[in-house]
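J.: I would like the entire structure built from these sequences, with the hints used as guidance.
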Amino acid sequence: MLITIDVHSGVPAYRQLVDQIRLLVASGRIRPGDELPSTRALSTELGLNPMTISRAWALLEEEGLLDRRPGLPLVVRARPRAVGDAARHTQFSKALRPVASMARQLGINGKDAGDALRRLIDDDER
Amino acid sequence: MGDPIFDATGLSKAFGHIDALREVTLSLSGPSIIGLLGRNAAGKTTLLRHIVGLQLPTAGTARTFGVPTRILGHEQLAKIGVVTQTPVFLGWMTIEQQLRYLSAFYPRWDVDREAHLLELLELDGTSQIKALSTGSVQKLAIVASLCHRPTLLLLDEPVSNLDPIVRDRFLKFLLEVVQEDAATIVISSHVLHDVESVVDWVVCLNDGRVVENAALDDLKERYTEWRVAARTRDLPAHFEEACVAHETSVNRRTATLVVRAAEADVSAFRQRYDADVEVAPLNLQGLFPALVHGRRH
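Order-wise, the sequence lines are chains A and B.
The first sequence begins at 1 in this note's numbering and counts up by one.
The second sequence begins at 1001 in this note's numbering and counts up by one.
By construction, these hints were calculated from the structure, which means they are not laboratory data.
Small disclaimer: the values here were computed from a predicted structure and weren't measured.
Hints are not guaranteed to be accurate.
Not the full set, but computed from the structure, chain A residues with beta-carbon under 10 Å of chain B [as the list claims (entries may be wrong)]:
no.: 1; residue: V7
no.: 2; residue: S9
no.: 3; residue: G10
no.: 4; residue: A13
no.: 5; residue: R29
no.: 6; residue: R31
no.: 7; residue: T44
no.: 8; residue: G47
no.: 9; residue: L48
no.: 10; residue: P50
no.: 11; residue: T52
no.: 12; residue: R55
no.: 13; residue: S93
no.: 14; residue: R104
no.: 15; residue: I108
no.: 16; residue: K111
Just so it is clear, CB atoms sit at the ideal spot from N, CA and C, and this is done for glycine as well.
T.: Laid out in C-alpha cells, this is it:
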C-alpha cells in the first residue's frame, strides 16, 4: 500500500495516516473488503510508532471506514459514496490552503488563481 | 491503559541549595515510547534516577510498578533496563564475557536478541572493553539493557555518540521492542529530530517542573505557527494576544509566532495589524521553545 508519513512535517502522524487511508478509499484504490496491514507490519514498514497507528485505526473505525474484528485483519467497510466525496473535498481544500495564502500575498484574485489551476489540471490530462 | 508504570506525587529533590525536581506529579503508562525533554539541567536525569530508585525523593512519593522506589525489589528491578550517560563495564573483559557475566543475573536473558543487537549495532563480541570507543561503549550499554526483555526501559541520551546509520537502526528497533514486550520506553534526548521519529508521548521538564505531559500528536494539533508579514504598518515589538504562546522572532516587517490554535482568530489578527498571516504546522523542533518557555495562563 502506498503510504508515506513524514514525522517531521509538523502534521500529526496519525492525522497523515488517516487522511491517506481516507483518500485511498475515496479514490477506490482500496476497496470494501480489502485487508489493511497489521499495526506491527505497518510500524516496521513506515518506521512509525505503533501507538500512533492504533490511534489512526481507532479513528477510522469510529468513522465507520474500517471494521475491526478480534484476531482478524482490519478490513475496509462498504463505503457510502457521500463520505468518499466529502473526504476528497476536505483533503483537496487542505492542500490548497497554502496556495490561497500565497495568492493573497501576491495579489492574485480568485478568478485568476482558479484559471491557473484549471490550466494545470488540463495540462496534466493532455 | 492499565496501572501506571511509574507515578509520582509532589516529588521534590534538592541537592544542597539546588532544587533539581520541584513538586513533580506525574503518571506514566504503557506500552508507549515517551520522550523526556528539557534543556540542560532541567531535571531529566534526576527524574530517570528516581524511577529506578537510584535517588530518593527529598519530599513527596515515587512509585515504580506500584512499589515505592525506596523498597524496589528484585521482582521489579528485573523488569527494568537502563542506559545511563556514563555506562560502566569491566574493562578487562571482552564484550562477550561481559554479556555472559550480566546474563547470569537474569533468567529471562534472550540470547537471540543479544546476537541480533550485536549485529545491528556492529559490535564484535571478541573486542576488549577497555579498547572500545565512547560510541561502542554506548552500544554495549544498549545491548546490556535490552536482552532481559525489560518492560520498562530508561534511556538517558542513548544516541548521542552513535553515528546516524546506527542511530536510525536503534530507533527502529525500539519500535519493535515496544510491541514485542509491551514495553514502556522513556528516552531523554536533546536530539529532537530523533525523538520525534519514535515517540508517541512527550513529558517536558523545565527548571525541575513538569511543564508539559501530552501525546506528541495532540501537541502538534494544539499549537500552530503563524508567519506574519506586515502590509502597510510596522508590527509591534511584542504581541500581547493570549493565544501567542511564544515569539520565535519579531521585527518590524515580519514575525514568526507559536500560537495556541484553539484560542486563535487569524482573521481578526490579520485585520488588527493589517498583515498577511500564513498558518503552518509545527514539528517538535518548532514546538520545543513554546513548551519550555511558553507563556502560560
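J.: Look at each hint and say if it fits the structure.
T.: Cross-check of the supplied hints:
1. V7: Check passed: Cβ of V7/A comes within 5 Å of chain B, closer than 10 Å.
2. S9: holds (6 Å)
3. G10: Where the cut-off is 10 Å and the nearest Cβ of chain B is about 3 Å from G10/A, the hint holds.
4. A13: holds (6 Å)
5. R29: violated (25 Å)
6. R31: Violated - the Cβ of R31/A stays beyond 10 Å from chain B, reaching only about 28 Å at its closest.
7. T44: Since the shortest Cβ distance to chain B is 7 Å, the answer is holds.
8. G47: holds (6 Å)
9. L48: The hint holds - L48/A has a Cβ within 10 Å of chain B, the shortest such distance being about 8 Å.
10. P50: holds (5 Å)
11. T52: Constraint on T52/A satisfied, holds at 5 Å.
12. R55: holds (7 Å)
13. S93: violated (14 Å)
14. R104: holds (6 Å)
15. I108: violated (13 Å)
16. K111: For K111/A, the interface hint is violated, since the closest Cβ of chain B sits about 20 Å away, which is over 10 Å.
The structure is inconsistent with the numbered hints 5, 6, 13, 15 and 16, although it conforms to all the rest.
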